[in-house]
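Line order of the protein sequences matches chains A, B, C and D. 1212 is the number of the first residue of the first sequence in the working numbering; add one for each residue after it. 1212 is the number of the first residue of the second sequence in the working numbering; add one for each residue after it. 821 is the number of the first residue of the third sequence in the working numbering; add one for each residue after it. 821 is the number of the first residue of the fourth sequence in the working numbering; add one for each residue after it.
Don't take each hint at face value.
Coverage of chain B stretches by chain D, computed from C-beta distances (three or more under 8 Å per stretch; other residues unrestricted) [to be verified]: (1) 1461–1470; (2) 1525–1537; (3) 1701–1711.
List time: in silico DSBU-like cross-link candidates among lysine-lysine, alpha-carbon distance up to 35 Å [said to hold, decoys possible]: (4) K861(D) - K1235(A); (5) K1233(A) - K839(D); (6) K1724(A) - K1059(C); (7) K1059(C) - K1418(A); (8) K978(D) - K1724(B); (9) K1002(D) - K1457(B); (10) K1026(D) - K1153(D); (11) K1418(B) - K1687(B).
Simulated from the structure, these hints should not be mistaken for lab results. The model shown is predicted, which means the values in this text are computed figures rather than measured ones. Heads up, the beta-carbon is just placed ideally off N, CA and C, and yes, glycines get one too.
Residue-level listing of the chains:
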Amino acid sequence: MVEGWRQARWREPLIYELNSVKAKRIGFIIPYADEEEKLVKIVGKPEEKLGTMYRDTPPELPSLSEVEVVRHYVRLTQMSYGVDVGPVPLGSCTMKFNPKICEELASDPRLVNLHPYQDEDTVQGLLEMLYLLERWLAELTGMDRCSLQPPAGAAGELAGALMIKKYHLDRGENRDEMLVPDSAHGTNPASAAMAGFKVVRIPTSEKGTIDLEALRSAVSERTAGLMLTNPNTLGVFEEDILEVAKIVHDVGGLLYYDGANLNAIMGIVRPGDMGFDIVHLNIHKTFAAPHGGGGPGAGVVCAKGELVDYLPRPLIEFDGRKYYWDYTCKKCIGRIRAYYGNIIPLVKAFIYIAMLGPEGLREAALQSVINTNYFIALLKDVQDYALPFDPQRPRKHEVVYTAEPLKKATGVTAEDVAKALLDHGLHAPTIYFPPIVNEALMIEFTESEPRENIEFYAKTLKEIAKMSHESPQRIKSCPHNTSVGRLDMRYANHPKTVTPTYRVYRRRVKGEKLVL
Amino acid sequence: MVEGWRQARWREPLIYELNSVKAKRIGFIIPYADEEEKLVKIVGKPEEKLGTMYRDTPPELPSLSEVEVVRHYVRLTQMSYGVDVGPVPLGSCTMKFNPKICEELASDPRLVNLHPYQDEDTVQGLLEMLYLLERWLAELTGMDRCSLQPPAGAAGELAGALMIKKYHLDRGENRDEMLVPDSAHGTNPASAAMAGFKVVRIPTSEKGTIDLEALRSAVSERTAGLMLTNPNTLGVFEEDILEVAKIVHDVGGLLYYDGANLNAIMGIVRPGDMGFDIVHLNIHKTFAAPHGGGGPGAGVVCAKGELVDYLPRPLIEFDGRKYYWDYTCKKCIGRIRAYYGNIIPLVKAFIYIAMLGPEGLREAALQSVINTNYFIALLKDVQDYALPFDPQRPRKHEVVYTAEPLKKATGVTAEDVAKALLDHGLHAPTIYFPPIVNEALMIEFTESEPRENIEFYAKTLKEIAKMSHESPQRIKSCPHNTSVGRLDMRYANHPKTVTPTYRVYRRRVKGEKLVL
Amino acid sequence: MIHPWVPSANEDDRKYMLKKIGVRTPLDLYRDVPSKLLLDKPPKIGFGKSLSEFEIRRIVESYLRKNKVFLDPPPFMGGGLCFHVVPAAVKYIISRGEFYTAYTPYQPEINQGLLQALFEYQSLIADLFEMDVVNASMYDMSTAVAEAFLMAVRVTKKKKILVPATMHPEHLSVAKTWLFGKGIKIEQISFNSETGEINLMELERKLQSNDVAAVYIENPSSLGFIERNVEAISDLAHKHGALFIAGVDPLSLGLIKPPGRYNADIAVAEGQSLGLGLNYGGPLLGIFAVKWDRRLIRQMPGRLIGLTQTVDGKERGFVMILQTREQHIKREKATSNITTNEALMAIAAAVYLSLLGREGIRKISRIIWLRSHYAAKRLSEIGVRAPYFNNEFFKEFVAVFPVPYRKIHRALLEKNILGGLPLDKWCPWIGPNAALFCVTEAHSMRDIDLLVDVLNEIIGRVK
Amino acid sequence: MIHPWVPSANEDDRKYMLKKIGVRTPLDLYRDVPSKLLLDKPPKIGFGKSLSEFEIRRIVESYLRKNKVFLDPPPFMGGGLCFHVVPAAVKYIISRGEFYTAYTPYQPEINQGLLQALFEYQSLIADLFEMDVVNASMYDMSTAVAEAFLMAVRVTKKKKILVPATMHPEHLSVAKTWLFGKGIKIEQISFNSETGEINLMELERKLQSNDVAAVYIENPSSLGFIERNVEAISDLAHKHGALFIAGVDPLSLGLIKPPGRYNADIAVAEGQSLGLGLNYGGPLLGIFAVKWDRRLIRQMPGRLIGLTQTVDGKERGFVMILQTREQHIKREKATSNITTNEALMAIAAAVYLSLLGREGIRKISRIIWLRSHYAAKRLSEIGVRAPYFNNEFFKEFVAVFPVPYRKIHRALLEKNILGGLPLDKWCPWIGPNAALFCVTEAHSMRDIDLLVDVLNEIIGRVK
Ligand SMILES: Cc1ncc(COP(=O)(O)O)c(C=O)c1O
Ligand SMILES: Cc1ncc(COP(=O)(O)O)c(C=O)c1O
């Protein structure tokens, strides 16, 4: 990593604006198009048969050749930034390297061309991989069974919350409160709410862990469960976890583990051993399936004991001869999505786990924690970024700083720091999260970041702090080296200017007043 | 294409400089490495067995993880420019779009994992494709047979020149002169020389075609043959081609067609019909196999009549049941390289030809010629770039301008124009070629360049001319928007500073005086 | 242990880093973990050791060999997902690391490319659907349907949803799951047994109570027929204060009237046909669109990308907008819990639609219509009732055989043909002889003729 | 006709452009072509019509199905190319459009990435070989050998080349073709029938005439054995004013002394093992290296990339250097006619060597040595003479069977094993019972044991 970075800038027109002359170009040839006439002769014209359901004006799509389309999107990629380009230490996101072998093998035609309803005896190879993966994930979490169905972590949470709901209902209890620490990821309360729970917020203690007293006074016979992340979003391990589990279980509540990020503990400690009843995992975090600029991921949900009956169906099964989907659903919550899950990322996880192996997974976990604490050590003497909640304690896979001292001294905010980092070819950390930390900078390097980059990151943060004191305006005007300068969020969201599609843009240009 | 382009700039260290701490990292796991100890027990230690042939110090390679290696090269790609990124109208290079379907299908494991010596009955599918391709290429050139062996155009030329040599020798004639027009591609004289010929340079007439009088006076019983490109490198069709053929044939010489670029004529006219005896083709030009930043390509060589016997062997054959390699070589020049040729690009050409089909190939040819002449029409009134050799005549797949007027008026050279084009996100044309045109700008859009880009290119050339008059220094200081500024060719080639490897660099740093 | 994916897990780096941290071993960093929780041996996962690329390649190869892919002819199986052609350029673009290794573009300035591509996805779908606002993806159509129902409840404050009895059974089951926690009811409306279309009288009756949050229809339905009374349904729903939600097939919209034209409030769809591949059912792409209406837009689930400008007003740019609807800001008050979505699939769809373009979309819709009708016609010539419904249809259709279909299906498999989906379990009321066939742009007349010939032979044999 | 690869070949664009040009039809632009040459019908190529992606995909699939790939176990076939593992990252990098769709980087400022990658290729090979200058590729090893011979002739002004009689027969035949035009002679030196090594006495004798331009050796030889007398050969050659050229196997150089150490003037190699795949023999990668010597460097064929700086001296950069050797400048006086080369394969090799690194190269050389020795040992246990030569070897070795090998080979094929290369034609003097086996990092002990077991069974049956 060297100074002088500058991102590509293409000033690329919208795909609509490329074919300036509206000539009839195409980028894709319809197969066997020469049969069209013959077919019309035999079956007639759809235009005539469809009557009022016929679309009489073609959709306003662009008309482009393959050449233009490929170039357009290649150029757009050059104005994007992922792990393949440099460090993306977004806290809570676990941006690890996406091994190329996983991508290659998981794009095999013998996977991507399989129809979900094709007969099970024609997909035994895939089912076997999924079966093994399910066994491995159960082992890593200390759970009995997993459903591979949820397409993402949040969907796993929703499944879990619904399982908790149904479990209590089946026992004749209408428990309507879900406890969620204030440090929790936003999806936790959102999922609980979607499952119909009232969300009870539990504060964080000065130690950076759940406040035991507050928890004790929050639990009651209305408590359906507690959703917890451990290590939590501060990167701190909930050391009282056994006590926490007891408190919740004692009132008849269940323990839900948000295992979006198992990175710090895989192969080292298991949620099941801590007392959790349900766990969801983010395959696209811990198990190196790519994030795809926002997705797809996969959000396996696992359960222990009685709760297994509540998992979304079907589950993958093996009868000693044949792998199959078991649809038996006596108590289960039903399906959380159509078909069986996000199979392609799951296969990537299968490869990732198999390749790292038992020792390797453990080493990866340890290294992610070493990387975090190495970074903390490098920033030790910097006053501008402070470590809230017991700075002496080791963090695990991630760490949250506050830029409050910097802001107080210079006016430079966490967001400004983020933009200044971009100018060095580095992706910013997660900012303003978790909400309990002001001016939060939440940093997670993961095990795949080489030492040099952690050092460069720390050095750059120090320089930004220094520069903020010398010339805060310079920092506040960042970024300059990205493909565009700082963008106007107000304009973007203003009721009179908000423009979510080109269609809305065109309607506005034509004079319509579209106000939100 | 919009103003404001800027290429990515990473200031990327050399791969050697990345692992700053020389820690032992690896990017690749050796398969079944756990067997090593067991193997040593059984067969002993190579270090001991190899004696003096043992390498006692490991090679000075870097030590990097897969993460670092992937990022490094991804970043380097962002500082490169190919057809996927924008127009590359390098004349004589035929930079057409490389269809993604060709890339995808030609990287199938059932191709790339085939051993060249595996039994023919295990590669019948591939051989059938090669057989069809050979038939198609013979049809397009009007030749009888083709050898797929030459790995590039120049190797095809060498094969052709050697065929001519051997043909005459077999007839007891020691013809030692090869006629080559002064407009010919550099590989023509170079190949002729490699085949042991004396090269006789034939001038170009004012019409832009071979000077018939000069040709007539050059031919003799020493004439082995004439190497000709048609349309020639000026983009002009040799309209006297039938006369040219007669002149050469009449003295017993052979006609060699440099078909590196068949783009203007495929499906429209055929070298065989023009009187040529031997033709080579550049699969990586006319038939859309990618150039790969310099290669690999494939340089099929074809022949007619008696000359077929001289083609490099083996040839692909079919006996009605089975495809096979025919090694029969009574008169042939032998092999031009090991094995059968550059198979992967050949398969891409197979797909390309099959998909375009008879009409499509022809349309592509026509469009490439339309694009050239459209560009000429757009530049019509521009004085600074002149069209040498009969500007009224249509050009074919390419056109050569001279920037001499511009240079005379402003001091801005063809090279400066090239660098200024780069600053607009456009690749420069071929410059200073063919050598018979001063300050040459040789431009070839090919059929895959959309109209808008041709217009933008013409517009930009005009602006550069205008700016050259207003402020020549500004043009001479280009480029600014590329990942580095103008590079020092003198330093690069100076005997005291020339540095072809990092090894030489290190040796210099250690104090060695390495002078070329 | 040294590993390509864990650069600093080597002796040199480790030692140096631990020293700087001030601990002796990595496990010292776990000193706050109750020691009885610490595992004393490595987990029992994988194949007991770490594997090289080549080893896993061989292992995976040994599994893949056991999967059967149907290409010649392509699958005739329907059921919400069908075999469609995936252009090589789509795969090429989504294999670019800058896209697929990126996170959600929280820092827009460094991820303009990704944001523009997603904005284009939203725009292309908007034009295809003639709806104004499209989010940058739901997981799949089933969850898009569920989210649409939840949204309708938020918007209307009512708690009942009406759906056709012919609704895709998995979508229905997913929607039920998602609505279970909130106690929202889904009621099915019966259908015209001849045409398959929704029973308008029953619909109107059920709407009378004015407690309906939304009326949902599929067009084409999961059984392939066209719901022609869309305008009437739309009017009915709106008259009774319910939202009108339409589930459509994007590839039909070059030919069939888009949901925006019949005044759908929300349109949802499965985007798999837009260049994604079958993926054994995942990843897919949930399309979610609404018309311009602030009540609706403010209640939308999922991510939205919008056009904006730089703070100096000089350049155009793209950012995530209306984030205050989302979980990371609104937490339990968010319009949905979704965050990770199917962004890369949305980009694939954008590339696909860009390639197809104005000409291509009309052509492909038309050719799918023609081919599926050709198949139905040919089948009817050999004594199969196809289409089962007396109604227009698109792409999928129900075929009823003179004998139980499962037997036929297995016989087809033996001939390397993946036939229609047996409907005995999927749609039990229709009986054991029925199957859901899907014919797309990928099926040549020869493919269809082959299918028919083989079926003819099988039926003769089985009967 | 509208086509995805020919954007402006549509009515609108065509009409507009032709008008601007001032002609009526495209063929007016061919008015200078003798009309009797113009074809009156489209060429008979392809499948008679244009095809969609899906159609060609199915056609190609139907061909590919007829190819047989050996993976389980990997091929045991030698002959200059062997089965090696290709890391996924290599393929990923060379599939990036900015690299593979680029031309030769004539404009260095816009192609720094490509140039740096090629410079790194040159540097990595230089360090592996301990040679100073490496070009950015020849077509393959055979043409690298031919070019080395031609270069030796240019440098020494002599016209004879001495090569070992065990030289790779295809390389020899290629060299003969390339040298034919210039009338350069290649003479073979006999070998020690026990060790395979070159006959030093004969070599010295042939050098006496002082008309030898170069002495060439292979190390390991095409038959796998090691040429241990490299220092002596080198000295002899140099003493008589000849260049010393060594052909090596890059993957052996983690273990075996590199050519730079035994004073080779030119080293050549086949780079296929460096992450390229077998490709049925092409593309390959011809490696060409020389030591620091102006006489040599000035006479090198092919492209060279060098380090430089910007004209303002502020930044580092890379450009093509010493271009005055090349055809586009020197024409008939060029050091070679080569221009298109195997650049992308060179980059693949650079990525591969970067992944392998200092640790990996030692490990892989060692494991190949161990595995090939294990295979030879196991074979010798079942009555096969392996290795045939009493000498050290690397990767490939000759195995002599008690019965004619071709029969055995076919029997192996029936068991899905691609055995060694039958040597009856390749190397006739060795007789019909011999085969050239190759064992690499890809062959597990189980693979080798399987081979041996199956062979044992076959030999028993055939005998
Ligand atoms: C701690 C935590 N929980 C839950 C989630 C939600 O997972 P997903 O984005 O896959 O829905 C995330 C990631 O966004 C997370 O970091
Ligand atoms: C006209 C012409 N002839 C010959 C060649 C040589 O072909 P290649 O580069 O494949 O060796 C080229 C291209 O470089 C060319 O343009």
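Hints and how they fare:
Counting residues of the region 1461–1470 of chain B whose beta carbon lies closer than 8 Å to any beta carbon of chain D gives 0, which falls short of the minimum of three for the stated coverage. Against chain D, the region 1525–1537 of chain B contributes 0 residues with a C-beta closer than 8 Å to a partner C-beta. That does not satisfy the three-residue criterion, and the hint is violated. Counting residues of the region 1701–1711 of chain B whose C-beta lies closer than 8 Å to any C-beta of chain D gives 8; at least three are required, and the coverage claim holds. Annotation: proposed proximity of K861(D) to K1235(A) holds, straight-line Cα distance about 26 Å (limit 35 Å).
Straight-line distance between C-alpha atoms of K1233(A) and K839(D) comes to about 17 Å, which keeps the hinted pair within the 35 Å bound. Between the alpha carbons of K1724(A) and K1059(C) the distance comes to roughly 26 Å, so the proposed pair stays at or under 35 Å and holds. For a cut-off of 35 Å, the pair hint linking K1059(C) to K1418(A) is broken: about 57 Å separates their Cα positions. For the given pair, K978(D) sits about 30 Å from K1724(B) by alpha-carbon distance, which is consistent with the 35 Å threshold.
Restraint check for K1002(D) and K1457(B): satisfied, since their Cα atoms lie roughly 29 Å apart, inside the 35 Å limit. This hinted pair checks out: K1026(D) and K1153(D) have alpha carbons roughly 31 Å apart, not beyond 35 Å. For the given pair, K1418(B) sits about 33 Å from K1687(B) by alpha-carbon distance, which is consistent with the 35 Å threshold.
Of the numbered hints listed earlier, those contradicted by the structure are 1, 2, 7.
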